[in-house]
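Undergrad: These are the residues of each chain, in order.
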Amino acid sequence: MTEAGTNSGAYAPGQHPDLPPPKGSAGAAGWMRGNLFSSPFNTAVTILAAILLYELITSIAGWFVLDAVIDAGSKADCRQAGSGACWAVIKIRINQFTFGFYPADERWRPILAFVLMFAALAPLLFDKTPFRRQMIWFAVAYPFIAGWLIYGGFGLVIVDTQSYGGFMLTLIIGITGIAASLPIGILLALGRQSRLFSIRIICVSLIEFLRGVPLITLLFVASTMLNYFMPPGTSFNLLVRVLIMVTIFASAYIAEVVRGGLQAIPRGQYEAADAMGFTYWKTTRLITLPQALKISIPGIVNTFIALYKDTTLVVIIGLLDPLGIGRAVLADAKWNGLSTETYLFVALFFFFSCFAMSRYSLYLEKRLHTGH
Amino acid sequence: MTGPATLQPAYSWSRIWREEKSRGVVIQIMVVLIFFATIAWLIGNVTANFAALDKTFGFKFLWQLPANYDINQVLIDYNSQYSHLRAALVGLINTFLVAVVGIVLATILGFTVGTLRLSNNWLVARLAYVYIETIRNVPVLLHILLWHGIIINTLPHPRRALNVGDATFLSNRGLYVPCPLFEDGFGWVAIAFAAALIGAILYHRRAHRIQMETGHQVHSVLIGLAIVIGVTLLAFLAAGSPIGFELPALRGFNFQGGINLLPEFVALTWALSIYTSAFIAENVRGGILAVNKGQTEAAQSLGLRPGKVLSLVVLPQALRVIIPPLTSQYLNLTKNSSLAIAIGYMDLVATLGGITLMQTGREIESMMLVMLVYLLISLLISSFMNWYNNRVRLVER
Amino acid sequence: MKATILSILGAVVAMTMAVSASAGTLDDVRKRGHLQCGVNTGLPGFAAPDDKGVWRGFDIDYCRAVAAAVFGDASKLKFTHLTGKTRFTALRSREIDLLSRNTTWTFSRDVDLQLTFVGVNYYDGQGFMIPKKLGVNSAKKLDGASICIQTGTTTELNLSDFFRTNGMKYQPVPIETNAEARTNYLAERCDVYTTDASGLAATRAALDKPGDHVVLPEIVSKEPLGPLVRHGDDQWADIARWTLNAMVAAEEMGITSKNAKAMAKGTKNPEINRLLGKEKLQGREALGLSADWALNVISQVGNYGEVFEANLGPKTALGLQRGNNAQWKNGGLLYAPPFR
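Residue numbers (the numbering used here), protein chains in the order written: chain A, 1 to 372; chain B, 373 to 769; chain C, 770 to 1109.
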């Protein structure tokens, strides 16, 4: 920008060759100067943060990896072998942490269902997937296939839902809840925006009720009291009940996200659709909903992440999710007291899966942003 | 459902359906009917099931004496001879305590980390990023269990408690701090404090008016602070230091006396605070980024220092964006406090929805009350935040 | 979207159990094809999973016995794991057919909570466990202690009474399960752990160094533990009651899982013959059970003594003596009514 002043006519305007950047403002040194040591205060902060980081990394690495014990028969063995974490407890029970009490011979079924899930998700998540159109049909059929694979029947041995557990259970609850709450949430959001008074009132009160109470109270009702609300003699599978409650709970949150999207649509869109003589459903299906959903996708993904994390609450009503397995393991005389290892292991699992999802949400946000 | 059609035979079904207004009415009637039919069906089932079990429905159990169980953290007078209602109240107050302390802590932490996340120091910004991502991608229940485990497993037994000046003790039974005892004459100190506070506020207003009219700046905040502290201190000394402290001391198994912050309380509040702070930090970041860069640049060109730029220009505008999601974070924290039962903190769910429910066998009544209370809390918080939101919006003009 | 809804409906239909008309519990159980039994979330000796994930224990064996009586197959059984807090709600709302979770028989539970205790399978009492190094030898010296206690249990109420009547103070540390209690106790979050003496023995046995911990001599309450069912279905209550009695009587008569089949062919003792189905047991048909129901119970699960020895007895980690739970002939309290 200072070019105009320095150049004395040797070059035509705009023809001056680029000068090298001032010394120390480019390269690693320049970057560090700009971002880490730009002022004495900044330098002090950087050094302080670096020390903190170093302390943190060394102590964590020591406990996690260097001093950790992977092979041991009991907690006592662990403590003799090393001063760090005792991962043996995880190693011995890894199958329970993954599958719960799912029979060992049938474990290929959930694994297959898990692998197929990526095939089903690919066309929905990434628009560059080959054969996208055909793959979408597979995605539609996937819930049936997965349900059949995991539960059994039609030639497969039936595996009772009581034996589901571990990360498998987390995924089952999380994914079913995610898939089922979206349509219900959209309907609730539309109802809340409806011109019909009574529908609006009902939807608003449903949404506000579900958002107002903690999930744990709903789960508690589902697990121990639902039978009071059913005709005498009805019996419902506990997992199904939890799935239903989780779905309803999440759909209220989805509804609020979608409502935000609907509200962001300019009035002109509705008016234009009305002027074209579109019916309500046609307007919704073709004009408002696609736009609203597009705006609210990041919010929806965040709701999904929240739901996925909330699946851990099922441990309080006695389902054997990873935390439940962890507690059962801690009740074992041999492994008592290794709560930090157990909980951290589960935490790591959640961290990686949620982090991946939030990265995906960011990717979507960016992709949708460039569209405008 | 065929009501409207039979009432007005002049209209055919298709006609009613085609006309928008009447169709709306028909749809509404149908929806309302289905809705109430469902509710009636549920209530009918409950009645039938209760009849089969010889159960009755009612809330008399709340007054039933005695509740017969003890609670480890009581902020109001309570022992096992009080009623279940009293026990529920104790639980509710404990819930409030966690919620309020958690919200304050989470807000402070969240705003700090959110601003650090935008620091121009790369390392600090990265550290804040790692903090946010690590914290928010792990379920809150795990946070609670982990912190509880860490507190009770790594802090020492009371006999080896960390001792700060023989007055404050930290052990795996929690934190014991001295309990202030107010003696005669403390009322005067309180009155002096209140008077000084009012004076300082009036002074601040006047200074503000003068600044608005003439542009003269007076450091009214510092002077006001000096007034409040000075006057209170003078009154305190004049009244003969009317305050004493009950120091906690190790007697028998535990420390006795003083104020005890239970490890369950600390773990729960801390876990909820840091979990929520990660979300608040993201909201704060988003809010600050939403403020036009031109605003910052304009403020800088006016010669405002970076701190002033943030506090006078950026944050007030960012708050408008931050507050709606902040509300839902506060609500989440309050609702998440119900996970207290996982570590045995006696909140509302643990007292009314737990022990009382079990001992009296009033499942539906207890759970209904618990849900109702949470609904009320939610509505209260969201209406307060709406009010605040409107106020902030008015400033915008 | 439509497809998703449909698929969910499909999944729900596939995984939901059939809705059956309300009938007696026995019919419901038969129709369902398995017994739904409520048990502990993990208490060594009573109900706990082994390394292979199979649940074993004293309470589990009683569930197996009822399954054997109803189906002739002790494995037609599913468990619902319940905390002290959720157990009665689950039973009353028909989540489970039977609760076998070291539950104390009290007046208010029987009458006010409308539950039917079918008998006592373990005579217990509440005790206190404390680390030896604290040097306490009596529960009366526990003033000011922090005490770990399972919520929703009778021990919680007894504890409150005990300390009030002795003019002492304590700090309750409420926990949900035995596993949590042990974690808290080991971390010295609480000085004392109180629960039924059998539970204390189980917990103590599972500690690293059981010798470092003592169970105080005071037993502050009577805790008759037993299985229970809902009020209002006498047939089902009878099945549960007489299954338990059959196990106790079998031990008294010397019938074991090994000799039961041989004895079923006929013995000189008419009561044995009636129990094992060789002679007519008046009213058995009304109970809706097959003639060999007791034989199935004893041959597949064992008599009371066998179950006790396998799960709680001196050869197990718990190392409990029979004590009050010996047969009446041996000075205990077990006394099965006659099979006549």
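Hint data in this document are derived by calculation from the structure and do not stem from the laboratory. Note that CB positions come from ideal geometry on N, CA and C, so glycine has one too. A couple of the hints might just be wrong.
Unchecked claim - Each computed DSSO-like pair below joins lysine-lysine, with the alpha-carbon atoms no more than 27 Å apart:
#1 K282/A to K393/B
#2 K978/C to K845/C
#3 K334/A to K1034/C
#4 K91/A to K845/C
#5 K334/A to K901/C
#6 K427/B to K366/A
#7 K821/C to K334/A
#8 K334/A to K902/C
#9 K91/A to K1034/C
#10 K1049/C to K1034/C
#11 K334/A to K978/C
Unchecked claim - Taking beta-carbon pairs under 7 Å as the criterion, some of the chain A residues facing chain C (in silico):
#12 F37
#13 S74
#14 A104
#15 R107
#16 L156
#17 I158
#18 Q162
#19 T224
#20 Y228
Undergrad: Going back to the hint list, which numbers does this structure go against?
TA: Result: hints 2, 3, 4, 6, 9, 12, 13, 14, 15, 16, 17 break, sorted rising.
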